[in-house]
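Novice: Order-wise, the sequence lines are chains L and C. Numbering of the first sequence is given in the working numbering, commencing with residue 1 and proceeding in unit increments. Numbering of the second sequence is given in the working numbering, commencing with residue 1 and proceeding in unit increments.
You can trust all of the hints, since none of them are fake.
Take a look, some chain L residues computed to stay more than 10 Å from chain C by CB distance: (1) 6; (2) 7; (3) 26; (4) 85; (5) 117.
Partial list, derived from the structure: chain C residues whose beta carbon lies under 7 Å from chain L: (6) 34; (7) 46; (8) 95; (9) 96; (10) 98; (11) 100.
Just so you know, the hints here were simulated from the structure itself, not pulled from any lab data. Glycine residues also receive a C-beta, built at the ideal position from the N, C-alpha and C atoms.
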Amino acid sequence: VHLVQSGAEMKKPGASVKVSCKSSGYTFSDYYVHWVRQAPGQGLEWLGRIDPKSGGTNYAQKFQGRVTMTRDTPTTTTYMELSRLGSDDAAVYYCAKSGSHDSSDYWGQGTLVTVSS
Amino acid sequence: DIQMTQSPSSVSASLGDRVMISCRASQTIDNSVNWYQQKPGKAPKLLIYGATNLQSGVPSGFFGSGSGTDFALTITNLQPEDFATYYCQQTYSISQTFGQGTKVEI
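Could you put the whole structure together from the sequences, leaning on the hints where they help?
Specialist: See below:
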């Protein structure tokens, strides 16, 4: 199982960022993909999840209206787009495959998003 | 959201020691707790799922316990590779939340 994320991004305040996560080594449509972020020196924060089979999503209330998760089934890739970026959105963003008890059993390598004018 | 209060925030320990990290949920969450280990610059690694189940490939020195609102991760016979930050996570609610983390230091 592998999840490979897109490269680092640098964005200006107010812009949007879209991070990709390509899954391989398992049946893509059978497991949710979660997105989690970690600000510098801080803990883990869950943004939401997507069901690759249906495209259905669940977002953390904090990010409702600002985050969009999508998937492209033929390429087994999920995407996380976060809009109206502020300085507090600077973080490493991770995707992760859902496992037992909706844990995250396999993780991408992380994508650093920097927000600076 | 369900709050996960993790303690202590850091602990100093020696090789061979036994360390216990606690996590308390703001409401009952059955056994819907997972534990992760994270090393600097790396993605988290799943250790325990469903409060007590050892993830495949994880050494047997890690032990999860608890149900309801109180949970614990116990690390026995600390090894050099165990010095890291540990997080609990609740998945009882669709909106998952993590504890603040516990750094295990030498």
